[in-house]
Every structure is written in structure tokens, then in C-alpha cells.
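Colleague: Could you build the full structure based on these sequences and the hints that come with them?
Each chain, letter by letter, is given below.
Number of protein chains: 2
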Amino acid sequence: MTHTTRELRSTITAEGELRLTIEDVELSPPGPDEVVVRVEGAPINPSDLASLLGPADPATLTVDRSGERPVTTATIPPQYLGAVKARIGKSLAMGNEGAGTVVDAGENARHLIGKVVSAAAGRMYTEHRVVRGADLLVFPEGITPKQAASAFVNPMTALGMLSTMRLEGHTALVHTAAASNLGQMLTKLCVEEGVDLVNVVRSAEQGALLSDLGAQYVVNSNDDDFREQLTSAIDATGATLAFDAVGGGPLAGRIVAAMEAALVAKTPPIGPYGSPVHKQVYVYGRLDPSPTTVPPGVGMAWGVGGWLLTYHLARIGAEATNELRARVVDGITTTFASSYTAEISLTEALEPDVIRAYARRATGEKYLITP
Amino acid sequence: MTHTTRELRSTITAEGELRLTIEDVELSPPGPDEVVVRVEGAPINPSDLASLLGPADPATLTVDRSGERPVTTATIPPQYLGAVKARIGKSLAMGNEGAGTVVDAGENARHLIGKVVSAAAGRMYTEHRVVRGADLLVFPEGITPKQAASAFVNPMTALGMLSTMRLEGHTALVHTAAASNLGQMLTKLCVEEGVDLVNVVRSAEQGALLSDLGAQYVVNSNDDDFREQLTSAIDATGATLAFDAVGGGPLAGRIVAAMEAALVAKTPPIGPYGSPVHKQVYVYGRLDPSPTTVPPGVGMAWGVGGWLLTYHLARIGAEATNELRARVVDGITTTFASSYTAEISLTEALEPDVIRAYARRATGEKYLITP
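Line by line, the protein sequences give chains A and B. Residues in the first sequence are numbered consecutively from 72, following our numbering. Residues in the second sequence are numbered consecutively from 72, following our numbering.
Certain hints may be false.
Any copy, or any two copies together, can satisfy a pair, since identical chains are not distinguished.
As the list claims (entries may be wrong) - In the SDA-like style, the derived pairs of lysine to any residue whose C-alpha atoms are separated by at most 25 Å in a straight line are:
id, residue 1, residue 2
1, K337, A157
2, K217, L284
3, K337, L380
4, K161, V266
5, K337, G125
6, K337, G87
7, K156, P366
8, K337, G102
9, K156, S99
10, K217, P347
11, K337, E239
12, K161, A336
13, K156, R298
14, K259, G177
15, K337, A154
These aren't lab readings, by the way, just hints derived from the structure by calculation. Computed from a prediction, not measured in an experiment: that's the story for all the values here.
Modeller: This is the structure:
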């Protein structure tokens, strides 16, 4: 049985135009180990936005409704075109993750028909998607596709952060942009596991939200005494690892400096090299596109660097990855539950006003595409 | 047999005064495994300056010659006093490394008497030093103490950089402040080992000096087309690791960005995460005390962090460390030879004008104390 699908595509032209379209695609029948998933929910994560919109200027978004289907365009500022040259002229399917129901399967995967499953197979902003059965998370009776839609990116990132912490010998951690969907999940996970977490938020309301989830350490980067709050929370928890979604500006460096200040206050070093305890900040997002800065006075045992879930999973290997995935299935309605600001159709996802709303990346907001 | 010695001391007072003095010390007789070294040469490395002068302002240096021995003082700016509070009131002996002749020994170390040895035992700015025989490098007949004086810090750092490169899976490297004594040594070592090295210098003269030593890749950070030169040299060598002595300012970040640009040009990534190849810059000095900055556009596989020889040697362990030490002995008059701007006595090392000269850290300049 063959299936057709409509899928969302993003193209950047050599002239610097972003084009968002909906294309018809004829799917090949599933192979012996493959299934056809009817996608019923696929979230728009920050990592999706980077591919979907590229460096387009949202102010220039416009839609042409003269054809059978809308075509949305926007302008890429010329100085950013070089950064995306590898994708110029390529019509790229979108959507890192999503969930739905298995509606067809090859001979070795027929037991999956009717199951609610999720996948992080890419091109999930589509009605139907052919996926290898082995790449699915299969959910028990009673879990809906909407509940299962965000089962990979955020849950595995939260688990990956704790896995990194243990692998690299730290015992507590700091998280910035901590009131995000991911941050809320990490808070719940750390409460469950008894891991001390210092949450860096930007408002008292965000702090209250996390405290309601059981967060013990919340510091506000907009408070005048932020550095003292941060150093004191780091001192109390012994955190020497941070995950930073802000990326640019002074925040990552301030965290390293606060860790060093807490360590030096505890064990004053005689020599000029500061504390010998390694302090690490991983930048996993770049809400602030300005340069990352690290001040002097952080000693010699420090590191700041990029962190990407896929690199981490490659590092820990398939078996450890599968253990994390099994934990997500167990906790999909509790620890790893996501909530959504709005549900939108594929066509609505091309509306300039809707794009500007989901592209804002407002803290705690998250959109779900229901194809 | 007991020995007395005169040693150079550095003290910071609670009032923010740096005091450099020469003190008489009665040495205990050597234990069964110890020797007494008559120190005949001890270099002033940048790492010594950090302890010797701390954050004192060199412009405030003054000497009091009214007593039997000179006492040199300088002012620590109040804002820096917190950073050195662990050493306040402590009279610290100085000098990380040095060499001399064994003049006395305990019963198990008598075979070392008369040998030229070097040690990185600390408090080497002294006439006599008691050291464990096992901690010495022992040089063959014909090597002078002056030749052996800088056998640890720079040679082991150069070897440690190559050892880090191999341990972390890189095949070529970038070095900044490349015309320094250490940089010249690293150039010779890389020529010998056939490792591609990109030397970042600040003048054409510095570049010529390295080219004379066989350097193939020299780029000048004061040239208008520095970024293009750097990216092109990184592309030619495949360097994904750098050691940066400048530390502050944009240089470390520019190196990461150049590595990313070279990688992306070779294998353009379709997705928004840049090249998956890890790019690493280790900051091992801070000639520039301003914040270290890393621009956006470096992908997600990058790291910038501190690097200290002692941490690296602890990481590779005693056996690997001893292999490196043996290589230094073999190459002390060739690959690992040092030259000195001037030789100064302990008393001269307290003269304000002399201090200002050796504290300048001018490229390629190095002073030797001959106690």
C-alpha cells in the first residue's frame, strides 16, 4: 500500500529568499522492518526554528495566497547568506520529532500497527512518515500522540545533561533559561534523582514557577545581587558544571567565575593558578547571538564549549542511549510531560503572524503542529 | 653536614604591600634519599612572575638599601588584593625550576654527588636546595648547570602540548605568542616530529625568526588579512587544536572561528549546527588580562578552556611523564636549549629597574638568576 503525504518544506534561494511551502510527496511502501506513522503531533523546538527560518528576518515575512497553497517568503540579510550556503536551492523537509499512530507496516513490524509511537527521524512536519521500527519509541495503551509528541528532544536533553554530569565527575549543576519547557523538565528530573540544581531565571515569576515544581535553588539574573546569589547557590550545591542556553554575552563566564569564587573561598590557593577543581560550562543554545565572554580570575581549570545532544549520545553509545529512551517512555505523562501554547495545522504554520509568535521563543511557550 | 642558604622571598602584607627580600635559611641535612644541590641557574619564567610580583604595580617599585640587605617594595592595587588573600602575611620562597651541582647526599643518593642536575621543586631562587634524588633530572658529563636550568617548564610544556594533541585525537596545532622561548622550542620539536604547526606571531621579525628554525606556517596577527592567513594555514594543516598564551581578547575565539570556517568550507553542513568536528583552544597564559571572547558561528563542537602543565602531567600519569622527562635530557642542548637575555644575581633580582625589565615579558626575552 502506498501513501501520499503533505509535508512542510523550507528553501533558501541564491538570491537570499527564504521560502516555506507545503509539498505533496508519494511515499514508498514500507520495507520489511519499516512502519508508516500517521503524524498527529510534532512540536516546534528552538532547534527546529534554526532550520525552518534560518537567519531570515521575521519582519519581512509575507504570504502569497494566489496559488492552490500558500507560499510564505522572507528575506535573508546578505551578511548571513554565507552561513547557509550549503543548503541554498535545496528544498528541505522539516520537523525533528513527532508522534502518531502506526497505520501500516512491513512484514517484520506488523505488531506495531495501531500503536502510538514517536520518532526523531526528521521531516516530521508531515501527514505520514515512513520510519524504521527500531527507531521508534513505542508507548503503552492510553498514551495519546499529543502526549508523546515531544518525547525526544527535551526529555533526552534533560537526561543527557545528567548523564554528562555523572560521566565527567560532577555532582550538581547550574542551568540557565531555566524556566523553559526543558528547564521545567530538568527541575522535575533533578528533584526525582536528588541532584542539586541551580536555576538561573530572568524574573521572579519564572522563579516561582520552578519553586512550585520543587526547585530549591533559584537565582534571578536581573537582580542587583545576582553574582552573590549565584556564588552562594553554587557554594551550597558544589556545582562545577553548567548548561547555558543563552550562550552569548557575559553569563557563561560569570558562572565560571562564580564557581571559581566559591571554590577559592572554601580552599584558598597559595599559588597564582586558582582552584585546581575543573569548572565547565556547556553552551547548548544561543538565545543571545553576541560573543561569549569569559573574564580573567577563573583559574586554569576551566572549560567553556558547545554541547549538542546528538554528539553526547554518540559519545555514550547505543546501549546507554536506549536506557535513557526507556526512561522517557516511563515518565512521558509525569517528569517528561510537555504542554503547548497552541496547536496549529501545517497551513497555519506558514502564516506570518503565527510564525512570528512561535519564532519569539518566549520562555515556556511551545507550539505543536498537528498535520 | 648542614648547609645554610640565602633565598629570595616574596610577601604580600594585609595593607597591600609587596615585599621582596633575601633571607638566610638553615637547611636540614639531606635524608637518606635526598641530595643538596648548589643552584647555579634558575630562570624567571612567566609562571614565576605571577608568584613573585603578584598583581603589584611595577611603577611603584622602590628599594630600601638602609639595612644589611636590600628590601624591595611595591603597591598592590586594592581591587586585586582579594585575589591573593590566601598568601597574605606568608613569606613565600620563589623559583619553580633550576639546575646546579650535587654537593652532598644522603646514603642512598651518594652516586649523584658531582652530577649536574635540574629540579622543578620550587624555591629554586636560592644558593642550596635539598631535593629528593628521584625528582631530579640527571644530566650526562659535559652539560653545564646553565644549559640545564630550564629543563622543566618550557620543554615539558612543549612536549605536553604534543601529548595533549595525540591524547585528544588531533593531528596538527596552532600556537600563539609563537616567537617566545617556548614557541621556538615547540617549532623545533614539531619540525623533528613532522607535526604541522601554525605559528601566530605579532611581527614580521618574529615570523622570520621562526622560519629560520624551520617553521612552515607563520601568520601575523597584525596583518590586515590575518583571518584569511589563519584560515588558510588551518585549512592546509587540518589543525583543530590551539594553545593560546594571550588568553584575553578576541584571539582564542578567532582561532575557533577560523577552524570552523576551514572545516565548513571543506564539508558544508546542511543543518544549523556547523561542523561536527571538535575544535579546541587551550588558554595556558594570559598576556592579555581582558575577557576571552568567542564569537557565534563556531558550530556546536568547540571548547575553550584553561591548560596547565601540572594538570596535564597528572592526567597522563607518572610513567608517561618520565618518558617526556627522558626526552628533555636527550635534547637539552638542541631541541630544548634555552638562551637568556641576561644573567642576574639574587641581589640584582631585587633591583627595581631589573625587575621592570624581566617583568615586561618581551617576546623571546628570558632572565637567568645565578644565585
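Colleague: Decide, hint by hint, whether the structure agrees.
Modeller: Results of checking the hints against the structure:
1. K337 with A157: Between copies only: 11 Å across chains, 50 Å inside a chain, cut-off 25 Å.
2. K217 with L284: Within. Shortest intra-copy distance 22 Å satisfies the 25 Å Cα cut-off; inter-copy 66 Å does not.
3. K337 with L380: between (33 Å within a copy, 24 Å between copies)
4. K161 with V266: This pair counts as neither: shortest intra-copy Cα distance 44 Å, inter-copy 39 Å.
5. K337 with G125: Only across copies: K337 and G125 sit 21 Å apart there, 46 Å inside one copy, limit 25 Å.
6. K337 with G87: Classified as between; 22 Å across copies, 54 Å inside a copy.
7. K156 with P366: Answer is between; shortest inter-copy Cα gap is 19 Å, intra-copy 34 Å.
8. K337 with G102: This pair counts as neither: shortest intra-copy Cα distance 61 Å, inter-copy 35 Å.
9. K156 with S99: Answer is neither; intra-copy 30 Å and inter-copy 71 Å both fail.
10. K217 with P347: neither (47 Å within a copy, 32 Å between copies)
11. K337 with E239: For K337 and E239, only the intra-copy Cα distance (22 Å) is at most 25 Å; the inter-copy one is 32 Å.
12. K161 with A336: The answer is between: 18 Å across copies meets 25 Å, while 55 Å in one copy does not.
13. K156 with R298: Only across copies: K156 and R298 sit 20 Å apart there, 41 Å inside one copy, limit 25 Å.
14. K259 with G177: Close neither inside one copy (38 Å) nor across copies (63 Å); limit 25 Å.
15. K337 with A154: The answer is between: 14 Å across copies meets 25 Å, while 45 Å in one copy does not.
Hint compliance for this structure: hints 4, 8, 9, 10 and 14 are broken, all remaining hints hold.
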